[in-house]
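Visitor: What follows is the residue order along each chain.
Number of protein chains: 2
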Amino acid sequence: MLVIKVGGSAGINYDLVCDDIALLVKEGQPIVLVHGGSHETNVLSEKLGKPPRILTSPQGFTSRYTDAETLDIFAMVYAGKMNTRIVERLQKRGVNAVGLSGLDGRLLEGPRKANVRAVVDGRQVLVRDDFTGKVERVNAALLRLLLDHGYTPVVSPPACSTAGEAINVDGDRAAAMIAAALGAKQLIILSNVPGLLRNFPDERTLIPRIAYDELEQALSFAEGRMKKKVLGASEAIAGGVSQVIFGDARIPRPVFHAMNGAGTVIER
Amino acid sequence: MLVIKVGGSAGINYDLVCDDIALLVKEGQPIVLVHGGSHETNVLSEKLGKPPRILTSPQGFTSRYTDAETLDIFAMVYAGKMNTRIVERLQKRGVNAVGLSGLDGRLLEGPRKANVRAVVDGRQVLVRDDFTGKVERVNAALLRLLLDHGYTPVVSPPACSTAGEAINVDGDRAAAMIAAALGAKQLIILSNVPGLLRNFPDERTLIPRIAYDELEQALSFAEGRMKKKVLGASEAIAGGVSQVIFGDARIPRPVFHAMNGAGTVIER
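Protein sequence lines correspond, in order, to chains H and D.
Counting from 36, one number per residue, gives the positions in the first sequence under this note's numbering.
Counting from 36, one number per residue, gives the positions in the second sequence under this note's numbering.
In case anyone wonders, no lab produced these hints; they're calculated from the structure.
Among the hints, erroneous ones may be present.
To be verified - A short, non-exhaustive set of chain H residues, derived as facing chain D with CB atoms under 8 Å: (1) Ala114; (2) Gly115; (3) Lys116; (4) Asn118; (5) Glu123; (6) Gly134; (7) Tyr186; (8) Pro193; (9) Gly199; (10) Glu200.
To be verified - So, partial list: chain D residues that the calculated Cβ filter (under 10 Å) puts toward chain H: (11) Leu79; (12) Gly134; (13) Cys195; (14) Ala201.
Beta carbons are placed, not taken as given, at the ideal position from N, Cα and C, and that holds for glycine.
Could you put the whole structure together from the sequences, leaning on the hints where they help?
Guide: Laid out in C-alpha cells, this is it:
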C-alpha cells in the first residue's frame, strides 16, 4: 500500500505524477492519491474579489482563514476542478480513479475548531466562525472497499466535522492519517521543492535523510507550508508508516524518484 | 430502488429535498440522488467574465457551450460546491452520502460529441471543440457496491468520454440512464416548476398524467429545459422504469409529494 500526497503549489506537474501512478497501478500496486489545491484557490479567491487571508498560529503554523464563502471557493477548487481534472488524467491513462472529498462517507472526520488563535501584527487575536479542523478518524473501510474492487481513490479536503459540516483541514496531515489508517509502508509527499531545505529556498541545502527523533528540530528551520509536512511525517511514522519521503513534483518520474529515496527520507 | 434528480435552477430548496431523503434512507429505502447546478454555473461564469453561451439544436434542444474553460467552471460548481454542500446536508442529517461525478469509476460514460450543430441567428453553424456528450453506459456495479455498504450516492455531471475526457452531459437524461441501469421503480425529477405545464409558465396548466405514447406530443409544448426532462422520462420508461414523476422542489416534503403522485406522472 502506497499513499501519495501531491501538493497544490504553483509549478507542480500533475501529468508526470499521473504517468507514474498509472505505471504503478498497472503493476498491481494499490495507491491512494491525496491532493492539494492552494495555488488555484488563491487565484480563484482573488478573481472573485475575496483575497485569501492566511492565519499564523502562535507556534508559527500557517492556515487559511475559512469562512463559509471561502469554504465554497475551497470546495470548488479542491473537490471540483482539481479533483475532477486529476481523476480525468488517471482515466485517460487507464486508471479507474474515484474522486472523494473528506465528506464522502465521512472519509476524513474530526472536530471543527471554530475559534482559532492567530497572531496579527504581533498581537494574539481569536478568529471566530472559522470552518477548519483536524482529521482524527479515517474511514479506511471505504478506501479498502474501493481498492479491493479495482478503483484508485483520489482524495482531497474538505473534511467532515463531527457534526457533519464541511471543514478545511491540512492535506499533508490528512494524507499522514490515511497512510497510518491503511498501514501503508511509504507515504510520499510531493511538492514544488526537492525536499526539506536547511536554508529555504536554497535547493543545494537539501537534507537527504532525517531520523524520526530529529523531526522536532527540523520544525525549527522548515519554512511556511513545509512545517505541516514535517508534522504530517511525524504523525505518519508515529502511526506505523515505515518511511515518509518528501519529493519533487516538478521533475519527470517524480513518484519513482521519491520511492527510490530522492528528496528527504524520514524514517524511525 | 428510488432515483431522485434535483435540478439546478434558482428557487430549488435543497434542505427540504435532503430532509425527505434522510427520512427515506432511515426507513431503509435505497436512494441515488442526482443533482444539477445550472443556475450557480451561470452565476460563477458571469463573475469570472465568461458569460454562458447556450446552444440551440435544429430540433430546439438547448445545451451549454462547453469549451475547456467552461468545463472547469462547470466542474467547480457541479462536482465542487453543489455536490459538497449536498453531501454535507445529508451528513448533517445522518445519511452517509458519497459524492461522485460521472468520471469517478467511469460512472457515466459515453461518446464525446466535439462538433455540435446549433442554430445561431436562424442559421445552422457547426460548433467545434465542445466538451459535451451523451451517457450511454452507467457503472451500476459501483453504485450497488456503495448502496450495499450503507452509502447513499450523490451523483452529478460531468461524465466520462470513451477516451476518459470530462464532458458535459444532461443531468436529467443521466438520471434516466441510472434509474434504468439500477432497475429503479420510480424516477423522480424535481425542479422549480410543479411539473409539465401545457402553457409555460402558467402553473394552472399543470398536466397531472401523461401516458408513455403521448410523450412525443408533449415534447412540442415542453419549454426549454423541460424538453430534456421529457426526453429523459421517455428514455427511463423505455429502459424499464415503471414511473417517472416531475415534481416541485420548492415546497415542503417535495420527494414525498412526488412519490404520492403530485406533479406530472408519466407511465406506460
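Visitor: Compare the structure with each hint and give your call.
Guide: Right, here's what the structure says about each hint:
1. A distance limit of 8 Å between C-beta atoms decides the matter here; for Ala114 of chain H the minimum to chain D is near 5 Å, and the interface restraint holds.
2. A distance limit of 8 Å between C-beta atoms decides the matter here; for Gly115 of chain H the minimum to chain D is near 2 Å, and the interface restraint holds.
3. At a threshold of 8 Å, the smallest CB-CB gap from Lys116 of chain H to chain D is about 5 Å, leaving the interface hint in force.
4. Proximity of Asn118 of chain H to chain D holds as hinted, the smallest CB-CB distance being about 7 Å (cut-off 8 Å).
5. Below 8 Å, beta-carbon pairs count as interface contacts, and Glu123 of chain H has one with chain D at about 5 Å; its hint therefore holds.
6. Nearest Cβ of chain D to the Cβ of Gly134 of chain H: about 5 Å, under the 8 Å cut. The hint holds.
7. The interface hint given for Tyr186 of chain H holds, since its Cβ lies 6 Å from the closest Cβ of chain D, which is under the 8 Å cut-off.
8. About 7 Å separates the beta-carbon of Pro193 of chain H from the nearest beta-carbon of chain D, less than 8 Å, and the hint is met.
9. Given hint, Gly199 of chain H at the interface with chain D, holds; its Cβ is 4 Å from that chain's nearest Cβ, closer than 8 Å.
10. With 8 Å as the threshold, the beta carbon of Glu200 of chain H comes within range of chain D, its nearest partner Cβ sitting at about 6 Å, so the hint holds.
11. Below 10 Å, beta-carbon pairs count as interface contacts, and Leu79 of chain D has one with chain H at about 8 Å; its hint therefore holds.
12. For Gly134 of chain D, the shortest C-beta to C-beta distance to chain H is roughly 5 Å, which falls under 10 Å, so the interface hint holds.
13. For Cys195 of chain D, the interface hint holds, the least distance from its beta-carbon to any beta-carbon of chain H being 6 Å, beneath 10 Å.
14. Evaluation of the Ala201 of chain D hint against chain H yields a held restraint, the C-beta minimum of about 5 Å falling below 10 Å.
Consistency note: the structure conflicts with none of the earlier hints.
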